[in-house]
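Asker: Sequence:
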Amino acid sequence: MSANGCGPVKLQGVSHPQLQKTARLGALAIAAVWLAVAGVLYLVFDRIEQKRQASLKPYALSSGDLVIPRQHDGHFHVEGEVNRQPVRFLVDTGASHVSVSEALATQAGLPAGQSITLNTANGQRPGQLVRSVPVRAGHLVHNDASVTVGLSGLRPEQALLGQDFLKHFDVEIRRDEMVLRQRPPS
Numbered sequence: 070m071s072a073n074g075c076g077p078v079k080l081q082g083v084s085h086p087q088l089q090k091t092a093r094l095g096a097l098a099i100a101a102v103w104l105a106v107a108g109v110l111y112l113v114f115d116r117i118e119q120k121r122q123a124s125l126k127p128y129a130l131s132s133g134d135l136v137i138p139r140q141h142d143g144h145f146h147v148e149g150e151v152n153r154q155p156v157r158f159l160v161d162t163g164a165s166h167v168s169v170s171e172a173l174a175t176q177a178g179l180p181a182g183q184s185i186t187l188n189t190a191n192g193q194r195p196g197q198l199v200r201s202v203p204v205r206a207g208h209l210v211h212n213d214a215s216v217t218v219g220l221s222g223l224r225p226e227q228a229l230l231g232q233d234f235l236k237h238f239d240v241e242i243r244r245d246e247m248v249l250r251q252r253p254p255s
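For the sequence shown, the residue numbers in the working numbering are 70 to 255.
In case anyone wonders, no lab produced these hints; they're calculated from the structure. In this text, all values refer to a predicted model and were calculated from it rather than measured experimentally. Any given hint could be a false lead.
To be verified - What follows is a list of derived Cβ distance ranges for each label pair:
#1 L223 <-> S184: 15 to 25 Å
#2 V113 <-> A181: 49 to 59 Å
#3 V210 <-> L104: 46 to 56 Å
#4 S184 <-> V113: 52 to 62 Å
#5 R244 <-> H208: 16 to 26 Å
Where is the CB? At the ideal position from N, CA and C, for every residue including glycine.
Please model the complete structure; the sequences and the hints are all you need to start from.
Answerer: Structural data, given as structure tokens:
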């Protein structure tokens, strides 16, 4: 404002285009600072998330125990194999067998099994029982598992890890982790 309070202020020796250029440079500098702050925050939170995700991965103790942390969905998940086909197991202590979908059974090259009726939480459904299948969960292996085929409701690469596998290990749940401990040979 001018000295009398009316009209624009005139700066001595500064032209209108110079003011516009200075204002643009100032705005760019502020934007660059905010982008840098956002970038640093992204890197910090990405690092925190990576550490958090790493803490949720199953791991083996020197004793040979497999420790499976509880995931955000409240369940225990572990990478493994059915007949050398990679799967992501949902550990289900209430399931009788290792259970897979028909698609996963085909991918794993499982032979046709004995026709059975599966009793699930959603009722009965037809399925097959395939015996003597090698199953691995983490580093733990059972080469003679019974696998039921006919699981539905999970993604094709997922399977249930049930008692036919788990009964060969001591299973302990403490707080937010499950520990599978190899039983000594009897």
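Asker: Take the hints in turn and mark each one as holding or not.
Answerer: Verification of the supplied hints:
no., hint, verdict
1, L223 <-> S184: 15 to 25 Å, "22 Å, holds"
2, V113 <-> A181: 49 to 59 Å, "54 Å, holds"
3, V210 <-> L104: 46 to 56 Å, "51 Å, holds"
4, S184 <-> V113: 52 to 62 Å, "56 Å, holds"
5, R244 <-> H208: 16 to 26 Å, "22 Å, holds"
The structure fails none of the hints (numbered hints given earlier).
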